[in-house]
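2 protein chains.
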Amino acid sequence: MNEYPSKVLQEAVEAISSLPGVGARSALRLALHLLRQPSENIHHFASSVDALADKVHYCSTCNMIADSEQCGICSDGRRDHSQICVVESVRDVMSIEATGQYNGVYHVLGGIISPINGIGPGDLSIDKLVERLQNQSGVEVILALSGDVEGETTSFYIYRKIEGLAARISTLARGLGFGDDLEYADSLTLGRSIVNRQEFRP
Amino acid sequence: MNEYPSKVLQEAVEAISSLPGVGARSALRLALHLLRQPSENIHHFASSVDALADKVHYCSTCNMIADSEQCGICSDGRRDHSQICVVESVRDVMSIEATGQYNGVYHVLGGIISPINGIGPGDLSIDKLVERLQNQSGVEVILALSGDVEGETTSFYIYRKIEGLAARISTLARGLGFGDDLEYADSLTLGRSIVNRQEFRP
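Heads up: the sequence lines are chains H and A, in that order. Under the numbering used here, the very last position in the first sequence is 202; numbers go up by exactly one each time. Under the numbering used here, the very last position in the second sequence is 202; numbers go up by exactly one each time.
Among the hints, a few may not be true.
Identical chains share a label here; the pair holds if one copy fits it or two copies do between them.
Under the rule of at most 25 angstroms between Cα atoms (straight-line distance), these lysine to aspartate or glutamate pairs were calculated in the DMTMM-like manner [said to hold, decoys possible]:
1) 55 - 40
2) 7 - 127
3) 7 - 40
4) 161 - 92
5) 55 - 181
6) 7 - 80
7) 7 - 67
8) 128 - 69
9) 7 - 54
10) 161 - 40
11) 55 - 3
12) 161 - 150
13) 7 - 88
14) 7 - 180
15) 128 - 76
Hints listed in this document are in silico derivations from the structure and should not be mistaken for laboratory results.
Build the full structure now, drawing on both the sequences and the hints.
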C-alpha cells in the first residue's frame, strides 16, 4: 500500500505542502480537515484561490493589485498624487495604509534588487516609475524600502535614476521603535536616532 | 479604501484563513505567495484541493478514504481479513500503516463518541462494523482508540455491541513509550505498565 490511501488525497497534500511554511504533516491535517467539510465549502475554497490566477489585475499606474484597470488608491481623487511612496510589495502598501498616516499614492516595485536571488533592476517596475515622473512634475518620491543591504542598494539605484526628475526624494525615518529598549537596539539604529534627534514635545 | 486592495485577494485570504491554525496574517502571506506563482500553478493547486470534494470515495467495507469503491487495504488479498482494527479516523490508519507492524484490515469509525461535541454512537459507523462481524466469523477486533475518556467510552460502547460477535476483542497495549522518562510518566500509565509488565528479552 502507498503511503497515502488515496491518490486524490496525496495530490491535495502535495499541493498544500508546496505553500511556504507548511510541512507534509500540516498539509495532511489541512487536507483531512477540508475533506470533512461539505462539498460546497471545498468548491468555494478552491474557486476563491483559483481566482488569484486570472481575476487579479495590476494597477496600470502603480503596479498595485486591483480588481480593475486602476487600483482604488490611484483612482481616488482625494489622495495626494504629488507624493509617490515607492515600496517593494503589495504587502508594504497594506502595512502603510493600515497606519492611516499617509495620503499620497504608491509605486510597487514588485521586488528588490538582489543579485543572490537573481533579481536585477530590469525585473522591477523602475522604468515605469521614471515614466510616471517624466509625465508629472513637482512630485515627492518617498523611498520606503527595507533597511537592509538590498533595500539600501535598491534605494540608491532608484535615487540615481530619478535624480532631477523628482522635486524631492525622501526616505523613511530610521530610529528606535516605540517601546524599544535602548539596551537591545543595534548601534546603527541607535546612532541614527541620536543624529536625527527631534524636539521633545510633551 | 478597504483593508484589502482587491476583493479577489480578500476572498482568497478569507478562504485560506478558514483553515484550522491559519490566522489572517498567515493567510495573507500564503495568498500573496500564490499570487506570485504562474497561473498554471495556482490552477493546479485549486483543482487538487477541489478534487477533495467529489473525487474521494469511502471504502464500502471499512469506511477508509479511497479512490474507488474499495480501499487498497480491503481489496488486498495478502492482508489478514480476520483482524479488524477499529480506529477513529483516516489519519489513524495512516499512522498504524506507517509502523509496518500490522497486516490486518481496518474499520474507520469517522469520529468518537463525544456528548460535548454532540457526537453520538449513531454518527459513527458502528452498525456497519456489527454488520461486518455478522457476515464473518472468527474475527479479532482490535480497539485502537485514544486513551482518553471519550476513547474509553467509545471502546466500551463498541465492546458491548460486538460482544459475542467477535472471536476476540483486544485493545492497544498501554505503557511507557520508548524513550519516555519514568519521572514524567503519569501514574495511570506507569501503573498499567507495571501490571502488564513483560518478560525482559535482552
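A quick look at each hint next to the structure:
no.: 1; hint: 55 - 40; in the structure: both (21 angstroms within a copy, 13 angstroms between copies)
no.: 2; hint: 7 - 127; in the structure: neither (47 angstroms within a copy, 28 angstroms between copies)
no.: 3; hint: 7 - 40; in the structure: both (21 angstroms within a copy, 20 angstroms between copies)
no.: 4; hint: 161 - 92; in the structure: within (22 angstroms within a copy, 60 angstroms between copies)
no.: 5; hint: 55 - 181; in the structure: neither (45 angstroms within a copy, 55 angstroms between copies)
no.: 6; hint: 7 - 80; in the structure: between (54 angstroms within a copy, 24 angstroms between copies)
no.: 7; hint: 7 - 67; in the structure: between (36 angstroms within a copy, 7 angstroms between copies)
no.: 8; hint: 128 - 69; in the structure: within (16 angstroms within a copy, 57 angstroms between copies)
no.: 9; hint: 7 - 54; in the structure: between (27 angstroms within a copy, 13 angstroms between copies)
no.: 10; hint: 161 - 40; in the structure: neither (51 angstroms within a copy, 35 angstroms between copies)
no.: 11; hint: 55 - 3; in the structure: between (36 angstroms within a copy, 18 angstroms between copies)
no.: 12; hint: 161 - 150; in the structure: within (17 angstroms within a copy, 68 angstroms between copies)
no.: 13; hint: 7 - 88; in the structure: between (39 angstroms within a copy, 21 angstroms between copies)
no.: 14; hint: 7 - 180; in the structure: neither (51 angstroms within a copy, 36 angstroms between copies)
no.: 15; hint: 128 - 76; in the structure: within (20 angstroms within a copy, 62 angstroms between copies)
Hints 2, 5, 10, 14 from the earlier list are contradicted by this structure; the remaining hints agree with it.
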